[in-house]
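Chemist: Chains as they are written, first to last, in my numbering: chain A, 1 to 146; chain B, 1 to 146; chain C, 1 to 146; chain D, 1 to 146.
Do not take every clue at face value.
Repeated chains share a single entry, so a pair holds when one copy, or any two copies, can fit it.
Unchecked claim - Once the Cα atoms are required to be at most 25 Å apart in a straight line, the calculated BS3-like pairs of lysine-lysine come out as: (1) K77 to K105; (2) K77 to K123; (3) K123 to K75; (4) K105 to K123; (5) K105 to K17; (6) K17 to K123; (7) K102 to K17.
The set of hints was computed from the structure by calculation and includes no laboratory data.
There are 4 protein chains.
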Amino acid sequence: MSTELNPPSLAEALNTKGFTGATGFRIVSIEPGRAELALTRRDDLVQFFGHFHGGVITALADHTAGIAITSGLPKGKIGVTVEIKVNFLAPADGSELIARAKTLKMSGSIGVATIEIFTRDEKSERLCAFGTATMRAMDLPAAMVG
Amino acid sequence: MSTELNPPSLAEALNTKGFTGATGFRIVSIEPGRAELALTRRDDLVQFFGHFHGGVITALADHTAGIAITSGLPKGKIGVTVEIKVNFLAPADGSELIARAKTLKMSGSIGVATIEIFTRDEKSERLCAFGTATMRAMDLPAAMVG
Amino acid sequence: MSTELNPPSLAEALNTKGFTGATGFRIVSIEPGRAELALTRRDDLVQFFGHFHGGVITALADHTAGIAITSGLPKGKIGVTVEIKVNFLAPADGSELIARAKTLKMSGSIGVATIEIFTRDEKSERLCAFGTATMRAMDLPAAMVG
Amino acid sequence: MSTELNPPSLAEALNTKGFTGATGFRIVSIEPGRAELALTRRDDLVQFFGHFHGGVITALADHTAGIAITSGLPKGKIGVTVEIKVNFLAPADGSELIARAKTLKMSGSIGVATIEIFTRDEKSERLCAFGTATMRAMDLPAAMVG
Numbered sequence: 001m002s003t004e005l006n007p008p009s010l011a012e013a014l015n016t017k018g019f020t021g022a023t024g025f026r027i028v029s030i031e032p033g034r035a036e037l038a039l040t041r042r043d044d045l046v047q048f049f050g051h052f053h054g055g056v057i058t059a060l061a062d063h064t065a066g067i068a069i070t071s072g073l074p075k076g077k078i079g080v081t082v083e084i085k086v087n088f089l090a091p092a093d094g095s096e097l098i099a100r101a102k103t104l105k106m107s108g109s110i111g112v113a114t115i116e117i118f119t120r121d122e123k124s125e126r127l128c129a130f131g132t133a134t135m136r137a138m139d140l141p142a143a144m145v146g
Numbered sequence: 001m002s003t004e005l006n007p008p009s010l011a012e013a014l015n016t017k018g019f020t021g022a023t024g025f026r027i028v029s030i031e032p033g034r035a036e037l038a039l040t041r042r043d044d045l046v047q048f049f050g051h052f053h054g055g056v057i058t059a060l061a062d063h064t065a066g067i068a069i070t071s072g073l074p075k076g077k078i079g080v081t082v083e084i085k086v087n088f089l090a091p092a093d094g095s096e097l098i099a100r101a102k103t104l105k106m107s108g109s110i111g112v113a114t115i116e117i118f119t120r121d122e123k124s125e126r127l128c129a130f131g132t133a134t135m136r137a138m139d140l141p142a143a144m145v146g
Numbered sequence: 001m002s003t004e005l006n007p008p009s010l011a012e013a014l015n016t017k018g019f020t021g022a023t024g025f026r027i028v029s030i031e032p033g034r035a036e037l038a039l040t041r042r043d044d045l046v047q048f049f050g051h052f053h054g055g056v057i058t059a060l061a062d063h064t065a066g067i068a069i070t071s072g073l074p075k076g077k078i079g080v081t082v083e084i085k086v087n088f089l090a091p092a093d094g095s096e097l098i099a100r101a102k103t104l105k106m107s108g109s110i111g112v113a114t115i116e117i118f119t120r121d122e123k124s125e126r127l128c129a130f131g132t133a134t135m136r137a138m139d140l141p142a143a144m145v146g
Numbered sequence: 001m002s003t004e005l006n007p008p009s010l011a012e013a014l015n016t017k018g019f020t021g022a023t024g025f026r027i028v029s030i031e032p033g034r035a036e037l038a039l040t041r042r043d044d045l046v047q048f049f050g051h052f053h054g055g056v057i058t059a060l061a062d063h064t065a066g067i068a069i070t071s072g073l074p075k076g077k078i079g080v081t082v083e084i085k086v087n088f089l090a091p092a093d094g095s096e097l098i099a100r101a102k103t104l105k106m107s108g109s110i111g112v113a114t115i116e117i118f119t120r121d122e123k124s125e126r127l128c129a130f131g132t133a134t135m136r137a138m139d140l141p142a143a144m145v146g
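Full structure from sequences and hints, please.
Modeler: Right, dumping it as structure tokens:
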């Protein structure tokens, strides 16, 4: 069950720290190789036109991919981003962002994930961005392995 | 001179709004087709290991590219991100990020920029990320054209 | 039905010309916004280790995305590649490549497609690469519109 | 001097095999972390409009990046492409392509290179594409290490 995964405490820890905690990233679900995160609109997360800023969308995509990859790694390993690429498909004009990442492939220490980002309001959920991320598995400092 | 450019008020306006204003993006310089922005480290901008979060680095890269492209467009046009790709080359463990974007090519309504991101402390400045962004020129709402 | 699409003669023409014709790209199927192409292994298409060369894989991905995007455009328009990004996931060591592209989104004159590339032999079909392509819709020279 | 590099015979061997040999890729120069390759136009290398096919451009970019990265690795190691991304900036309508790759960073077994691709004729040389490639250092089969 997802909350038993490698280590859920790690995903939580990753998420509550620093930028992602301050921005309000929320973990919706984690399975091995998959993750879903959500983010509620705030005035300090938007761009010029009042939609979610592309940088915020990319940050959510990156972080969701990292949790998806990490959730499939042995305990004590963490996925670190090598590169990320995001296409913006529609204005992120909803009240919430939802990011769904899945691991496409792990080979050796390198993994690739795809991320779909949706913008949601009361009425509908629309795909607003799509990304791919390449990650490498890194050893966690011993102190951080529960 | 750079502060005369298309329209500096626009670049400033783009920058002080929403996410970029709240995060503290600072415009260092703008020339036609070029922009340099800076960002000072804060505890709400870092990741698990205490370095600038990849999403923050990508946001700064995206925004700097947008200003570089927009600075080369006719008045009343703004560069909007179609896609961005960033490679992370070294830990962003400095006290500041510096992003330098330059327009590689504008053809028709589509422009491509490259972005170098450096992490800086008292002692040195190191390249920590490199990105490319594809943008399209969009008409600004009339109300926004000074 | 797929062979009635915008214009199938165009897809065929695109495919039999120059590099794609000489390399032996084969159209398996076309639907609006989707395309599947195949390519049989030849000694002049491989790299050092005898697997399909990454450049050949990328060419097939690019071309399949172009046909998928073009198949969804009004007659007289063609999709031209703005940028393409491909991740190589496994050795392309089969006797054939299969590329399946689908249009994720068309907005205005810009479209984005994803491409899955499989390597196939008698026994199995394995995902060996994944790509995304950004295309712009261009007018065909009048002479080329049937 | 460039022909002393890690091992030049490897770069030559990589280049004369399979696709790159059949296509006529020519090594112009190699330095540690840098490579320049050239390709002469042929009717079997062009697309619909008679310009170099995007797939051929990407193949040249990929191969040039691979040689640039490999030329900086210890003997017995080869750079293998993890992912490549290319933006097409102008029609490749010249009689020749020139690709210039340089290693931006090697960290651990992962390297990143940028590639500028120019199209050249008697009169001029124009930037027609720009790419980035992520590579990983792999051990060569013992048999292949001179």
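Chemist: Work down the list of hints and note, for each, if the structure agrees.
Modeler: Tested hints:
| no. | hint | verdict |
| --- | --- | --- |
| 1 | K77 to K105 | both (16 Å within a copy, 24 Å between copies) |
| 2 | K77 to K123 | neither (40 Å within a copy, 32 Å between copies) |
| 3 | K123 to K75 | neither (40 Å within a copy, 34 Å between copies) |
| 4 | K105 to K123 | between (34 Å within a copy, 20 Å between copies) |
| 5 | K105 to K17 | neither (27 Å within a copy, 28 Å between copies) |
| 6 | K17 to K123 | neither (32 Å within a copy, 27 Å between copies) |
| 7 | K102 to K17 | within (23 Å within a copy, 33 Å between copies) |
Checked against the numbered hints listed earlier, the structure breaks hints 2, 3, 5, 6; every other hint is satisfied.
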